[in-house]
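My request is simple: use the sequences and hints to build the entire structure.
Just so you know, the protein sequences line up as chains A and B, in that order.
Per the UniProt record's numbering, the very first residue in the first sequence carries number 1; after that it's consecutive.
Per the UniProt record's numbering, the very first residue in the second sequence carries number 1; after that it's consecutive.
Derived by calculation from the structure, the hints in this document are not laboratory data.
Heads up, a few of these hints could be off.
[What the hints assert, rightly or not] Derived lysine-lysine pairs resembling DSSO-like cross-links, with alpha carbons at most 30 Å apart: (1) 132(B) to 115(B); (2) 222(A) to 299(A); (3) 136(A) to 222(A); (4) 299(A) to 13(A); (5) 169(B) to 115(B); (6) 101(B) to 222(A); (7) 179(B) to 115(B); (8) 169(B) to 132(B); (9) 102(A) to 274(A); (10) 222(A) to 169(B); (11) 132(B) to 299(A); (12) 222(A) to 132(B).
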Amino acid sequence: MSGSITEPSSRQKTVAGTLVILYAIITILPLVWIMMTGFKTGPDSISYPPKVFFQPSLEGYVNLFTSRTRATPEQLATLPAPANFADELARDRGMIITGPSKFGERFLNSVIIGFGSTFLSIFLGTLAAYAFSRFKIPLKDDLLFFILSTRMMPPIAVAIPIFLMYRSLGLSDTHLGMILLYTAVNISLAVWLLKGFIDEIPREYEEAALIDGYSRFQAFVKVVLPQAATGIASTAIFCLIFAWNEYAFAVLLTSGTAQTAPPFIPTIIGVGGKDWPAVAAGATIFLLPIMIFTILLRKHLLRGITFGAVRK
Amino acid sequence: MAEVSLNGLTKTYGATRALDAVSFTVPDGAFVVLLGPTGAGKTTTLRLIAGLEPADSGSITIAGRNVSRESPAERDVAMVFQQYSLYPHLTVRDNLAFPLKSPILRVPAAEITRKVNEVAEVLRITHKLDNKATQLSGGEMQRVSIGRALVRSPAIYLMDEPLSSLDAKLRSDLRVELKRIQADLGATLLYVTHDQIEAMTMATHVGVLDQGRLVQFGTPREVYENPVSATVAARLGIPRINLLPATLFGQAPDRAATIGLRPEHIATDAGSPATVRRVEHLGDQTRLHLTCQGHEIITLTDPHTTLTPGATLGIRPHNPLWFDASGARLA
Numbered sequence: 001m002s003g004s005i006t007e008p009s010s011r012q013k014t015v016a017g018t019l020v021i022l023y024a025i026i027t028i029l030p031l032v033w034i035m036m037t038g039f040k041t042g043p044d045s046i047s048y049p050p051k052v053f054f055q056p057s058l059e060g061y062v063n064l065f066t067s068r069t070r071a072t073p074e075q076l077a078t079l080p081a082p083a084n085f086a087d088e089l090a091r092d093r094g095m096i097i098t099g100p101s102k103f104g105e106r107f108l109n110s111v112i113i114g115f116g117s118t119f120l121s122i123f124l125g126t127l128a129a130y131a132f133s134r135f136k137i138p139l140k141d142d143l144l145f146f147i148l149s150t151r152m153m154p155p156i157a158v159a160i161p162i163f164l165m166y167r168s169l170g171l172s173d174t175h176l177g178m179i180l181l182y183t184a185v186n187i188s189l190a191v192w193l194l195k196g197f198i199d200e201i202p203r204e205y206e207e208a209a210l211i212d213g214y215s216r217f218q219a220f221v222k223v224v225l226p227q228a229a230t231g232i233a234s235t236a237i238f239c240l241i242f243a244w245n246e247y248a249f250a251v252l253l254t255s256g257t258a259q260t261a262p263p264f265i266p267t268i269i270g271v272g273g274k275d276w277p278a279v280a281a282g283a284t285i286f287l288l289p290i291m292i293f294t295i296l297l298r299k300h301l302l303r304g305i306t307f308g309a310v311r312k
Numbered sequence: 001m002a003e004v005s006l007n008g009l010t011k012t013y014g015a016t017r018a019l020d021a022v023s024f025t026v027p028d029g030a031f032v033v034l035l036g037p038t039g040a041g042k043t044t045t046l047r048l049i050a051g052l053e054p055a056d057s058g059s060i061t062i063a064g065r066n067v068s069r070e071s072p073a074e075r076d077v078a079m080v081f082q083q084y085s086l087y088p089h090l091t092v093r094d095n096l097a098f099p100l101k102s103p104i105l106r107v108p109a110a111e112i113t114r115k116v117n118e119v120a121e122v123l124r125i126t127h128k129l130d131n132k133a134t135q136l137s138g139g140e141m142q143r144v145s146i147g148r149a150l151v152r153s154p155a156i157y158l159m160d161e162p163l164s165s166l167d168a169k170l171r172s173d174l175r176v177e178l179k180r181i182q183a184d185l186g187a188t189l190l191y192v193t194h195d196q197i198e199a200m201t202m203a204t205h206v207g208v209l210d211q212g213r214l215v216q217f218g219t220p221r222e223v224y225e226n227p228v229s230a231t232v233a234a235r236l237g238i239p240r241i242n243l244l245p246a247t248l249f250g251q252a253p254d255r256a257a258t259i260g261l262r263p264e265h266i267a268t269d270a271g272s273p274a275t276v277r278r279v280e281h282l283g284d285q286t287r288l289h290l291t292c293q294g295h296e297i298i299t300l301t302d303p304h305t306t307l308t309p310g311a312t313l314g315i316r317p318h319n320p321l322w323f324d325a326s327g328a329r330l331a
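Laid out in structure tokens, this is it:
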């Protein structure tokens, strides 16, 4: 029958599958290359033609997590036997480890600020979206437009006022300051996305719960939240990706205590020559939380990103 | 169970008056059916009683207590919605247990299990208890919705066209079942429908709403035999009452504008000539479509009638209903 929906033929499936695999290879290849570079030695990482097969080394990771100083062979000879493989690896390269690098701290800052601002955006966003979706609010449309309008220019356009404001409020280079900033940027996205999801949940469910003996807040927690889980999960991923990757404000507003990983990783390049394996190792570790978070929430994602595409 | 009274309930949405000073009492243990066309205010009445929306004016008392300012949870009512009312993220069992687990009731776990199984038994959904609510067919979903109301013993059950989305067979089964449950429990029930068979078969009282006003309230027989207006008369009875110009058959009382003829009001032995246009054999009854002086009349006849289209017979009114120009009944 013409015009009817039919199962794709096996040939169509093969073509579609091949295209998807090709696309996946093209997008994943740079990531694989970075992960590989993380396990190369310095010379291997810049060899030409590039090496696909190489002797793996943890040099990049050791360099990423430690600070080292150059030592003469005489000095090295006077030292006791290396305490661990990292010591040994450093000494092979004529270095001694003097202590941990700042990467661990910076990475932890990224985790605190990224997840903190994501949590806050989702928490505030869900409550606001619920209110906008369900209650009569004076000037509702104007308020929603205002919330959206906060994203109408790139946030960096207000970098200088924010810089000055943060300095006088004592928020510069603090975790709280960065969490608030990223929340402010993400909240409009969160409110709008979540309102869309909550709008889709029929009110009858809550009304049924109200009649079944629950308060409005209990109905919200027991009935609305579980059904909004998909929307919350995909919104959370969007918020986290923004906060995690953000570079410009992080450079501008943090230098020590609250510096996140993105402004830190490039500084590795400047320390003792271009240490690409260490940079690649940093990038690899930096990628992991987002990957894990996305994989954990993946069953919600598909529904989340195709949201609104199908009318019931 | 308890008596529920509505006193002068009024509700407007923007410029539309959804309910206009509606007053009636649902006696304890009664099965009251609200009838009326779409937009008459039937669902609004239920929502106001449940407390899902505040009334503009008027009051609601349940068991003598004015509940107008109480939250839905405090009012102790159970409601079955027309659709959408099962919690899709819960299993059938959890859906049924949901009201019992509420902070207001806090039923002990053993009691919950007993109640849920009992109701599942009655509604024949025991084998589906561990399914997700979304894995049920329409009929099963609606039975679970009804079950979720039945697990409780509220002051009143409110049901908003609970059977309208079901197929004919299931609908008639559940109709009998609901009536039986109501009689067994002695439950007070307020039931919205526009299916007149449901109204006639289940109701102890029928309330007819039209454009937000309660136009008549009484037993199904009363409303059928003594309708206050042409609109009410047209709501009950299959085939519908024939509404014709008052003078079609000669003499009419003063002020009468319309004569209302149900099949039992039409004698087919003599009188004005009418032509048979169509004969419908429905099995249990046979409908006769007639034309009389350019007006169409539908009546019933002997199931084994020999009449065929084109035949002529004499018809005359027998104890008809008379209505004035505004549609009001003339005594």
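query: Going straight from one Cα to the other, do residue 179(B) and residue 115(B) come out at no more than 30 Å?
result: Measuring from Cα to Cα gives roughly 20 Å; hence the hint holds.
- request: Would you mind confirming whether the straight-line C-alpha gap from residue 222(A) to residue 132(B) stays at or under 30 Å?
  value: Holds, at roughly 16 Å.
- prompt: Is the straight-line distance between the alpha-carbon of residue 132(B) and that of residue 299(A) 30 Å or less?
  reply: Given that 30 Å is the threshold and the Cα spacing comes to 18 Å, the pair holds.
message: With the threshold set at 30 Å, check whether the alpha-carbon distance from residue 299(A) to residue 13(A) stays at or below it.
response: Cα-Cα ~23 Å, so holds.
message: Next pair to validate is residue 222(A) with residue 169(B); report whether the Cα-Cα distance is within 30 Å.
response: Violated, at about 35 Å.
message: Just to be careful, I want the Cα atoms of residue 102(A) and residue 274(A) compared with a cutoff of 30 Å; is the pair within it?
response: holds (18 Å)
query: Are the Cα positions of residue 132(B) and residue 115(B) separated by 30 Å at most?
result: Holds: residue 132(B) and residue 115(B) sit about 19 Å apart, inside 30 Å.
- prompt: Taking 30 Å as the top limit, are the C-alpha atoms of residue 169(B) and residue 132(B) close enough?
  reply: Distance of about 25 Å is within 30 Å: holds.
message: For residue 222(A) and residue 299(A), compute the direct alpha-carbon distance and say whether it is at most 30 Å.
response: Holds. Residue 222(A) to residue 299(A) sits at ~21 Å (cutoff 30 Å).
query: Straight-line Cα separation of residue 101(B) and residue 222(A) no greater than 30 Å?
result: holds (11 Å)
Hinted pair residue 169(B) and residue 115(B), Cα distance within 30 Å: Holds, because 27 Å separates the two Cα atoms, which is no more than 30 Å.
field: Holds or violated: residue 136(A) to residue 222(A), with C-alpha atoms at most 30 Å apart
entry: holds (22 Å)
Checked against the numbered hints above, the structure breaks only hint 10 and satisfies the rest.
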